[in-house]
Amino acid sequence: MKQRAIAIGIFWVILLTVLTLRAPGFFAGGNLRDMALSNAPALLVAVGMTLVILMGEIDVSVGSQFAVATVVAGLAAKSGLPLGLTVLVTAIAGALLGSLNGALIIGLRVPSIVATLAAMAFWRELLRWTTGGAWIQGLPASFQWMGLSQAGGEIVIFAATALIFGFFAWAMRNLRAGRGIYAIGSASEAARLAGIPVAGLSFSVFALLGALTGLAAALNAMRFSEVQPNAGAGLELKAISAVVIGGASISGGRGNLWGTLLGAAVLAVIAPSLTFLGINAFWEKAIQGGIILGAIVLERAAAGKRSARAH
Amino acid sequence: MLLTAAGIEKRYGGVRALKHVSFDLQPGEVHALIGENGAGKSTLIKVLTGAVQPDAGTVELEGHAVLNNSPSVSRALGIAAIYQQPQTFPDLSVAENIALVNEPGGLTRKVDWKARREQAKKLLAEIGSDIDPDREAGTLSMPEQQIVEIAKALGSNLKVLILDEPTASLTDRETDQLFRVIRQLRERGTGLIYISHRLEELGQIADRVTVLRDGETIETRPAAGTDSRTLIRLMAGRDLSAVFPKRVVPIGAPVLEVRGLCCEEAGITEISFDVRAGEIFGIAGLVGAGRTQLAETLFGLTPADGGTVRVAGTEVHTKNPREAIAAGIAYVPEDRRSNGVVGELPVRANTTMAVLDRISSMGMLDYGAERELADKWVQALSVKTDGIDAPVGSLSGGNQQKVSIARWIATEPKVLILDEPTQGIDVGAKSECHKIMCDLAEKGLAIVMISSELPEILGMSDRIAVMSKGRMHGILDRADATSEIILEMALGAKA
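Which chain is which? The protein sequence lines are A and B, in order.
If you count the first sequence from 1, position 215 lands on 218 in the working numbering, and the numbers rise without skipping.
If you count the second sequence from 1, position 290 lands on 675 in the working numbering, and the numbers rise without skipping.
One chain only, chain A, in its complex shape (with noise of 0.2 Å):
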C-alpha cells in the first residue's frame, strides 16, 4: 500500500516536471485553481465511492444521481429556498437515490454492479424526458458562489471539501463504523458472526455515497449562473478511477482516503496537461483506461503474492 503511494506520487511528480519544463503556463495561479475547483466534487464523490469499494461493492451510477442532484438543487435555488435548505434538500436528494440502490443490494441481494447499472440507465433517462434537456436558467444571485465574490465562494468550496474529505480520513480509521467497512470488505460473514451489522452498514455506505454525490452536485452548481440536466456524466468512471489508482482493492478490504486523494489527483491532472502538451485531447480516456489497467495489475500481483505468502 505505501509503495503503491509513493510509485504513484511519483508518476505524479514526473508529470508535473514535465509540464513544468514543457509548458510552464500550466502552473499559473489561476490554471491550477481552476482545476482543483473542477475537481473538487468529483473527490467529494470519490470519497463516497471508496467507502463503497473497500466494502467490496461498486455503484456505477454515482454520474446519474449527480445529474439528478444538480436539477434538485437548480430548482430548489430557484423556487427562492434559503442556501443552506438548498444545500440540504440537494444532500437529502443524493442520499434518497443512494437509499434505493442500497435497498436494493442489500434488500433484494441484487448485485451492486446490476442494480446501480439500472439505476444509472434510469435516472440518466428519466431526468432527459422530464427536462427535455432544458437548462435551469435565472438562478438567484444568492445562489451562485452563495452570494459571495467568486474568490470568496470558491475559498468555502474548497474548506467544504478538505474538511469533508478531511472527516472521513479520519473516520475510516477512527470510528468503528470505519473498521466495520473494512471488515465487510474483507470477510463479510466473518464480519456477521463477531456481530457487526453487516446489513445495515452497507446500506448506509451506499446512502452516505448517494448524500455526498448530493452535496457535490449543489457545490458544483454554485459555480454556474445556470444549471444543465445532463451534469456528471462520466462521473463514475472518474471516481472508481480515483479509487482503484489510489490502491484500493476492487474485491474490498483494502485501500485508504489518502491513496483516492492521490489518485484524484493525478486524474485531475491528466486532462489539462494533454491540452498544454499539445497532445489531442481524444487520448485522455485512453490514458485514463492505461493508468486504471495498470492500477488493477498492480493491485492483482500484489494480492498474488500476499495469498502466496499466507499460503
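In case anyone wonders, no lab produced these hints; they're calculated from the structure.
Among the clues, some could well be false.
To be verified - Okay, derived cross-link-like pairs now, SDA-like style, lysine to any residue, Cα gap no bigger than 25 Å in a straight line:
1. B:K704 to A:V201
2. A:K308 to B:K704
3. A:K308 to B:G398
Add chain B to chain A, keeping to what the hints say.
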C-alpha cells in the same frame, strides 16, 4: 486385477492423510470402502481420479501403471466418480450433459443434435433407464441425475466407477433403483468402488469391504457374513496413542441449558442438553448430522422456532450474533478462512472485532485500549506473530486459529462453542489449542466442542453427545464413551 493401488502416501502439510494404503478391485466387483470422517476415503478417491497427486505409491489399471494422473487422464482411462451431490449442469439437457465429455472434436465442431440425442438414449438404455434426453438436468430427481452421470461415464469406456455416498440422500425406493443399475454395471464387468455410511446396505450390494482408519488400510474382507457391529469395531478400534492435555477441573452449576430446541431452517429437532461450568461438552456425529446447525441456532444465525435456551439461568432468545454475544455466547466457527479471521486486518483488529463496543466510546475507537486488549490475549494464548499490527493472513494456520479463539474469549463469554477447533492445523498447534481449552474450562467457562475427530472428542470431553439427522441421540459420560459406541450412535446402526 482391474485396479490396484499400492503403498499410497499423501501428506497435507503436517497431516498424513494416507499411510501406505493399498486397495484393489476386480472386474465386475463392488468393493465397499468405509471409515469414519477423516479416515482417508476421500483422499484415496482423489488419488484414484487424479484430483491430487500421491507423495508415494502406484496406481495400476489393468496391469499398466497410471502415470501423470489427472482428472482428464483418469477419465480417458475409464475411471469415473459420482458424488452424493450430482455434478450435472442443471441448465443443459440430459443429452448435452452426456455429450459434454464424450463427443470428440474441438470447440468449433458442428453439433449433430440427432446423433447426440440417440447416443444419450442408447447409453441410458444400457443401464435400463428411459429418461428423456431432452429434459433439462435440473428438473431430474437426485437418482435420475446420478443415472445420467453413470450414462455419461459409460459413454467414455467405463472400467471403474466410484460412487461416493450415492444413497445418502435417497429414499429406499430410489436406493433400489440405483442398486439395479449397479447390478447391471457389475454384469458388464465394470468394477465399482462404493463408499457409504449405511453399513446395513453393504450386505446387499458389496462383494468385499475395506476399512480405512486414520489413513491406514485396516482390513479387507468379504462383505457376506460381516455384520455392522464388526465393521464398526474395525472403523473405531484404535490405540489412543495421542495424548491430550486434559485436566480434571471442578464442575460447577449448569451454565447452558437447552430444552427442546428446534429450528426448521437449520434442520434440527428437539435438542436438549446442559453444559456446566468447567465442563467440555463434546458433540460428535458425521458431517451433515446438524452439529454446526445446532451451534448456529444457539448463536442466533438461524433463530430457533421452538424450545428454550438458558444462559446462567436467564432465558435467552438470540435472533442474531450481537444478541448472542450480549447473552454471553461465543462461537468460534469452522472454516477459519472465510468465517474466522479477517486476513487483511491486523492481529489487533481481529482480536477486538467482536468487542468493538468495549474499546470505543460514542463510536470512536480507543487505539490504546485496543492494543492493551490485543496484547493481553495474544500473550495469554501465546500467538506467534510479528506483533499485533501484523496482518493475520501472514500467520500460520494454528496461530490464525488462536487469534480466532482470542476474538471470542475477549467477549468474556459464559459459553464458548468451538466448531472443529483444530481442523487443518499441525499437531503442535493442536495440542496448544487443547491446552487453551482446558485453561478456559478451569476458569469456569462452559465449553461446547464440535469435532469430527473421535480421538479429540474422547480425549477432551467430559461428556459427549452424538448427533445424527438433526437430532441428539444420547449423551455419554467420559468414562462410558468408546469410539465404538459413538460410531454406532452416529451411524444410527442398531447393533
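The hints, checked one at a time:
{"no.": "1", "hint": "B:K704 to A:V201", "result": "holds, 15 Å"}
{"no.": "2", "hint": "A:K308 to B:K704", "result": "violated, 40 Å"}
{"no.": "3", "hint": "A:K308 to B:G398", "result": "holds, 20 Å"}
Checked against the numbered hints listed earlier, the structure breaks hint 2 alone; every other hint is satisfied.
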